[in-house]
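Undergrad: What follows is each chain in one-letter form.
There are 2 protein chains.
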Amino acid sequence: MRRSWVGGANAAETDFPLANLPFGVFSTTAEGPRCGVAIGDHVADLAALAAAGLLPGDCGFDAPALNTFMALGPARWDEVRTRLTALLAEDGDGALRGDAALCGRALVPLAEVAMHLPFRVTGYTDFYAGRQHAFNSGSILRGPDNALTPNWPHMPIAYNGRTSTVVVSGTPVRRPLGQVMGPDGDGPVLSPSRRLDIEVEFGAVVGVPTRMGDTLTVAEAWENIFGFVLLNDWSARDIQRWEGQPLGPFQAKAFATTISPWVVTRAALEPFRTKGWPRDKALLPYLDEPADYFFDLTLETHLCPKGGAATRIVSTNTRHLYYSAPQLLTHHALCGCAMNAGDLLGSGTISGPEKSSFGCLLEQTWGGRDPVPLDGGERLFLEDGDTVTMTGWGQGEDYRIGFGRCDGEILPARPNVGAN
Amino acid sequence: MRRSWVGGANAAETDFPLANLPFGVFSTTAEGPRCGVAIGDHVADLAALAAAGLLPGDCGFDAPALNTFMALGPARWDEVRTRLTALLAEDGDGALRGDAALCGRALVPLAEVAMHLPFRVTGYTDFYAGRQHAFNSGSILRGPDNALTPNWPHMPIAYNGRTSTVVVSGTPVRRPLGQVMGPDGDGPVLSPSRRLDIEVEFGAVVGVPTRMGDTLTVAEAWENIFGFVLLNDWSARDIQRWEGQPLGPFQAKAFATTISPWVVTRAALEPFRTKGWPRDKALLPYLDEPADYFFDLTLETHLCPKGGAATRIVSTNTRHLYYSAPQLLTHHALCGCAMNAGDLLGSGTISGPEKSSFGCLLEQTWGGRDPVPLDGGERLFLEDGDTVTMTGWGQGEDYRIGFGRCDGEILPARPNVGAN
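Sequence lines, in order, name chains A and B. When the first sequence is numbered by the working numbering, its final residue is 573 and no position is left out of the sequence of numbers. When the second sequence is numbered by the working numbering, its final residue is 573 and no position is left out of the sequence of numbers.
Isolated chain A (complex conformation) (with noise of 0.2 angstroms):
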C-alpha cells in the first residue's frame, strides 16, 4: 500500500489510509463546518488547501455541504484525489508536507472536530434491494410462499423516504410517538413505539444530477454516483404494521436516518468490487450491468445499553444485496424523475444467509419471538439509553477502506403531542 506521512494514516487497523480519503464536513470550536477528508488520526481541511491553491479550481469546499463539489462529476472528483494523493503520500509533493505553517492549520486532528451532515440531502430513497431481508421480512409478515411479491425479482422496489430527518452519526434518536395497534387489538392508541429497531443499509450518493424527463443506462448510473455512507434506517415496527397498506412506511421511517459522516468514492471502493447475488429471473434490459458493480464490504453492528457493554449484534455484507447501486439509479430515473446532487439511496436492510447477518432486530428476533443475547442482558427491540454503532469496511491485504462510525442513542419518548 502507498504509504502517507500523516500521522496514523499507514496503521493496519485505520479506517482512512491513503487510499481512502473519504470525504465529509467538520467543524473546530475555532472556525465552522467546511469540507475536508479523513487522512489518518487527521482531517485535511479542503478549504485551506484550496485557500492556499493546492488544489485544482472551484470546487466550493468552503461550503459547508458537499454539493457543490459532487455536482461537478467523475473527472473533477478524480483530479482532486490526484491532486490529494500527491500531496498527502510519502513519495509525494512537497507542496503541504513542506509547509509547516500550513500543516498547522490544513491538518485538524479527529479528536478535535465535529461532524456535520457531509451533504444537504436533497431527496432520500430508501429501496428493499437485499433479497434475504426481503425473504425474511415477508416470511414474517405474510409467511414463505407469499414472502416476496411478484414485481420483487423484476425491479428495486422502492419507498420515498423522509429527508428532513436525515441526520449525522451521532445525533441522538427519540423513541416516536405514533398510532399502534392497542393491546385488545380493537383499535389504534397513541403510544410511544416499543418495537424501536434498526435497519443495516448502504447508502449511494448522487453527484451529477439528471434533469426531469431524462432517463439512464445503468453505465451511466454508475458514473453519477459520488460515493457511499453507512446507513441505519431506524424504524418503528408497531407503527409501521398498523399504518403500513396501502401506501407503505411513513411515520415508521421518519422520525431519523443515520448516515456515516464520511462518504467513501468509487474510487477507493474499487479493490473490493465484485459480483452480486445470482439472479432469479433475467432482468428488463434497461437494468443490464455492463460490469460488478457490486462490493465486498464488511457491516457489522453493535449494540450497547446504557452504562453497559456493546455486542455485536450484526455481520453481513454489501455483497447480499440483489440490486446494485447504479441499479438502483437507473430505475429511479426511469420515469422520468429528476436525480438531484445529494440524493441519498439507501440500500434497504443487509442480511445474509445466516442469522448472525440478518441487518435488523425483526429478522434476528423473527417477528419479536426469539430474543437476541447481549453481554448481560438479551433485547427483542431497542430500549432507552441504547447506543447503535455499525461500521464498515473493505479489507485489503494490509489496509482497510472505512467508513468511520455510524451511531445514534435512543432517548425516551415526549410524554404527549405538543409537549415540546
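No wet-lab data here; the hints were simulated from the structure. You may find that some hints are simply not true.
No distinction is drawn between identical chains; accordingly, a pair holds when it is met within one copy or between any pair of copies.
Claimed, not checked - Keeping only pairs whose Cα atoms sit at most 20 angstroms apart, straight-line, the calculated SDA-like set for lysine to any residue is:
id, residue 1, residue 2
1, 508, 464
2, 508, 530
3, 459, 569
4, 459, 298
5, 434, 211
6, 434, 398
7, 434, 336
8, 434, 342
This structure is a prediction, so every number in the text was calculated from the model and none was measured.
Starting from the known structure of chain A, fit chain B onto it as the hints suggest.
TA: Coordinates of chain B only, in the frame set by chain A:
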C-alpha cells in the same frame, strides 16, 4: 367588498381581488425571479416595494422563493398583508398610488410575467385524505367490502412524494416510461405508461418549521400553515399497479407533480372555512380540532386535446376532504418528523359523491372501463398533446378568491432509456 385602485381587481370574475393577495414568484424579460402578489391583472413586485421602504422588515422578497418569508410566521404574514392592503386599497394610503414612478416599477401586468415555482419545495408528502376517493379507488382495486383499509378512519394515510419533480403550472409533463405487466400477464415489460391520469388535490404549504423530535397540536399546526395551492398529482396507473406492493407508489408518481403559481393564504380563505365530512369513528385526541379547518372551495378540471376544445371533466369541492390540513401536519409531525418552511402536503384526490365530482380518471372511468365524454371525443386516460387545467376558488357574494391556473401538457414518452 373593499375595492382596489389596481386595474381588474374589482371585477367579479377575477381570481385576485384585494381580499386575496396570493404570493408567488415571477420574472420579466428585464429582471429575474422575485416575490410578488397578484392583484387584479397585475403583480405587485414585493422586492420593489420592500426596496422602496414600503414593507416591514426583511422578508427576503428579492429571493426567487418564498421560503424565508414563510418561515417568519403568522404575525409577520399578517403585518405584510395589512400593509399591502393599505397600499392597494382605494381607501388606503397613497404611498404607492401617489408615486407614479414606483407604480411603473412595482406593478407589472400579469400578461408580461413568467411564473416560477413559488417556494423551494423542501419536502412533498401526498396524503389520501378524501374518503370518497379512498373508497372508490379501494373498490376498484380490492372490491367495495375491502375498499377502506382498517387504519383509514383513524389517521391520515400518506406516502412521501418526490420533491425534485414538483413543478409550476405550465411545465410540460413527459409521459413516463416504466415497468408494467405485459399484455399476456406473464411478466413485466418496459413501456410508456398507457394509463396516465390526473389527481385533483389541494396542497397545504408549511411555513413555520419544527425541529426533529417536536410534535404539534392541531391548533398549533393550523398556525404553522402559510397557505394553499392547487395540486395535480399526475399518476401512471399501470406502473402503480405493478410496483405498488408492498411499499406503495414510487415511479408511478415521481415523474411530475404540478402546483399553481399562487399560494393563497389562510387569511384570504377565512370566509370559506367550514366543517369537513362526518366522522365514521371518533379520532384519537391528538387529532382533535378546536375549530373548523376545512374550506368550501370549488375545484374544476378541464381537459383540452391538442388543437381541440376544452371539456370540464371534474367539478369538486375541498369540503369533501375527511382530514383537514392541520390534521395532516399534526399527524406528520407525530413521530418527531422535522417539518420545514417549504414542505408541501397534498390532500390526496378530492372526490365528492357524484361521478362528475370524482377527482381522477381512474374513478371517472371506474378503472378504465367507462370513457369520459369530451367535446369531440372521449378518454379513458390521457393522450399525448392533452392539456389538463385545474382551477379553484372560493365564491363570495360579489367576488371570488382564486388560485390562478394549474396546468400541464402531456408530451410523448422518450423512445428509449438513455435517449435524452
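Undergrad: Check each numbered hint against the structure and report the violated ones by number, ascending.
TA: 3, 4 and 5
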